[in-house]
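Peer 1: Chains A and B, in that order, are what the protein sequence lines are. Here the first sequence stands for residues 23 to 267, numbered as in the working numbering. Here the second sequence stands for residues -6 to 129, numbered as in the working numbering.
Treat the hints as calculated values from the structure; they're not laboratory data. Virtual Cβ for every residue (Gly too), placed ideally from N, Cα, C. A portion of the hints provided could be inaccurate.
What the hints assert, rightly or not - Among the chain A residues that face chain B by a calculated CB cut under 8 Å, a handful are: (1) 75; (2) 115; (3) 120; (4) 122.
As the list claims (entries may be wrong) - List of simulated lysine-lysine pairs, DSSO-like, C-alpha gap at most 27 Å: (5) 233(A) x 183(A); (6) 87(A) x 8(B); (7) 5(B) x 87(A).
As a plain string of letters, each chain reads:
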Amino acid sequence: MNQFKKASKQLSIFVTAGYPELNSLNEQLDLLETNGVDFAEVGIPFSDPMADGPTIQQTSEIALKNGMNLELLFEQLSQRNSSLPLVLMGYLNPVLSFGVDRFLKACSHAGVKSVILPDMSLEIYERFYRNQFENHGVFPSFLITPTSSKERIQKISKACKNSFVYLVSSNATTGGESTFDSGRAKIYESIRAICGNTPLFIGFGIDSKEKVEFVQGVSDGAIIGSAYLKSLAQNLEEDFLASLQ
Amino acid sequence: MIAVEAAGHGLKSGKSAATSILGTPGVLHGSMTLLMQDEFGQVTEPHSISAGLDYPGIGPLHAYSIESGRTKSIPVTDQEALAAARELTLSEGIIPALESAHALAALNFIQFTSIDIVVVNLSGRGDKDLSTYLKQ
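Chain B with its partners taken away, still in its complex shape (with noise of 0.2 Å):
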C-alpha cells in the first residue's frame, strides 16, 4: 500500500506534516504514534495548504503500517498537490479536495508497468477548496 504525506513547503524547509518521516513516537491527544517533536517533547508545529492535513502526528494504524514496511509513505508537496489537482480539473473536468490532490501527485513517483491497474481514492470534492485553488 502506499499512503501519500503532506510534505508542505518540502521535508527540510521546518514546513512541513510529513509525520512518517520527520516524526518520532511520541504521545498526543490520547493516541501514542509518529509525531513531529523536538529534543524535549514539544510538538511542533506542522504546515501544509490542507488544513485537513496540517497536523503533527498520523493515525497509529497508520504508523504501524508503514513502521512494519507494509505501506510506503511517500511526501508530497504543497505545490505538486496544486499542480495535479490543476491537472485533473483541466483534464477531467474533476475538481479534487487538496487532500485528495496529494494522492493524484504521488502517481508522478511510483514507478507503473503497462499492466498496473491503478486506483486513486478521490476523498473529496475540490469545492471546498476552490478559494485556495483561485489564488494559485
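Chain A with its partners taken away, still in its complex shape (with noise of 0.2 Å):
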C-alpha cells in the first residue's frame, strides 16, 4: 500500500538535517508532528546543492560546518520520538560514500518511507540502484517539471507508485518565485491527471498558507522548505507553522 495517498490534502514540511544546530533535528521533527505536518521532508546537506536555492544552500553549509554526515544523522534518528513519517532528500555522491545498500539499510531501520536524490536520474536509478532499494522496500520519488513530456511523467508515475511523484513548481531552484494562477492550475491538472494513482506532491516556492491551499486544490499536498528554514533562522518557524493552519 502507499503510504503517501491519503483521503486528505496533506502539508510536508522540508528540514536540513543538523540545522540551525547539530542535534536540532529531533526537536524540529517533534515540532512538525505536533503541528500536523503529514510527513517531513529532511534534507541531508551536501556541498553542491544543484537543485536548491540560497536558502536551502545557506542551511546545507551551516549543517556541513556544525558537522553534519549521513552516519550522525542515522544515529540522531535512531533516537527520535516522533512516528512523523520520513522522507530524506539529498544528492547522490554523499550516499555513494556512505554506501548505498548501507544507506538503505540505515533507511529501512530509521523508517524512511521514500529517498529524493534530484541528480539520480530514473534511468541511472532502473540501470544500477533498483535492485537494492527494492531489497531494502525503499522507494525513490523523482522530480518532474511543468515542462516534462507526457512520455516523461508517465514514466516516473509508473516507477513512483509506491511514493509519490514530486512535482517542480516552475523551472527554477528551491525558494524562487512561483506565480500561482488559474493558467498553471490547468498545467497542475493535467499532469496530475497523466500521473493517476500515484500521489503528486508540488513543492519549490510554496511559502504561505494561500499557496498551500492553491497547491492542494490541483494535487495531493504542497511541500515548504526554503519559507519554513527562513522562519527558522529568526525563530519564528511556531508563528510560520500556525499561520499554516
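Dock chain to chain to rebuild the complex, using the hints, since each chain is given by itself in its own frame.
Peer 2: Pasting the structure below:
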C-alpha cells in the first residue's frame, strides 16, 4: 500500500539535518508532528546542492560546518520520539560515499518511507540501484517540472507507484518566485491526470497558506522548504506553522 | 597521450585542482568521474589561477583514459604555468591562455628524444588573462 496516498490533502515540511544546530533534528521533527504536518522531508546537507536556492544552500553550508554527516543523521533518527513519516532528500555523492546498501539499510531501520535524490535520474536508478532499493523496501521519488513531457511523467509516475511524484512548481531552484494562477492550475491538473494513482506533491516556491491551498487543490499536497527555514532562522518557526493552519 | 592538470599551489597544498591525482570516483553535476571529495562525499573546494581549470572534477572520458593507462596526467602549478606563458610571450610574441600555459609548462617534465615532433595545442589566447599576467 502506498503510504503517501491519503483521503485528505497533505502538507510536508522540509528541514535540513544539522540546522540550525547539529542536534536540532529531533526537536524539529517533534514540532512538525505537533503541528499536524503529514510527513517531513529531511535534507541531507551537501556541498553542491544543485536543485536548491540560496536559503537551503545556506542551511546546508551551516549544517556541514556544524559537522552533520549521514552516519550522525541516522544515529539521530534512531533516537527520535516522533513517528512522523520521513522522506530523505539529498544528492547522490554522499550516498555513494556512505555506501548505497548501507544507506538503504539505515533508511529502512529509521522508518524512511522515500528518498529523493535529484541528481539520480530514473535511468541511472533503474540501471544501477533499483534492485538494492527494492530489496530494502525503500522507494525513491522523482522530480518532474511543468515542462516535462507526457511520456516522461507517465514513466516517472509508474516508477513512483510506491512513493510519490514531486512536481517542481516552476523551472527554478527552491525558494524562488512562482506564479500560481489559473493557467498554472490547468497545467498542474493535466499533470495530475497523467499521474493517475501515484500521489502528486508540489513544492518549490510555496511560502504561505494561500499557496498551500492552491497547490493542494490540484494535487495531493504541498511541500514547503525555504519559507520554513527562513522562519527558523528568525526563531519564528512556530508562528509560521501556525499561519498555515 | 598526455593530459596536463592544474596543480594550483601544489598537490599537497590543499589548494589544487589536480583531480586525476587527488580525486576518487564520485558523482557531481550529473557525471560519475574522478572527483576531489572528503570522506563523507562532500566536494572539496578546488583552486587554480586559471578560472577555466578551477573545477573539482574532470571529464569522465579523461578520467577513463587516465585510469586505463592510455593517458598520463602531469600536474602543473600556477607558478609553472605563469613562467611558461611568460617564456612564450617573450620568445614568440604569442600570449597563451592560462589554460594552455599549463600545457606548455608540462614540456619541462617530459623526456623527449631528438626525433620527436612535439605539438602543443594552444587552446586559447591570453588576451582574456592579461590582468592576471600583469599582476605577476
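Peer 1: Could you run down the list of hints and mark each one as holding or not?
Peer 2: Cross-check of the supplied hints:
1. 75: 17 Å, violated
2. 115: With a closest approach of 4 Å, the residue 115(A) hint holds.
3. 120: Interface hint status for residue 120(A): holds (7 Å vs cutoff 8 Å).
4. 122: Hint violated; residue 122(A) Cβ to chain B Cβ min 11 Å, cut 8 Å.
5. 233(A) x 183(A): Given that 27 Å is the threshold and the Cα spacing comes to 26 Å, the pair holds.
6. 87(A) x 8(B): 19 Å, holds
7. 5(B) x 87(A): Satisfied, since the Cα-Cα distance of roughly 23 Å is no more than 27 Å.
Hints 1 and 4, counting from the list given before, are not met by this structure.
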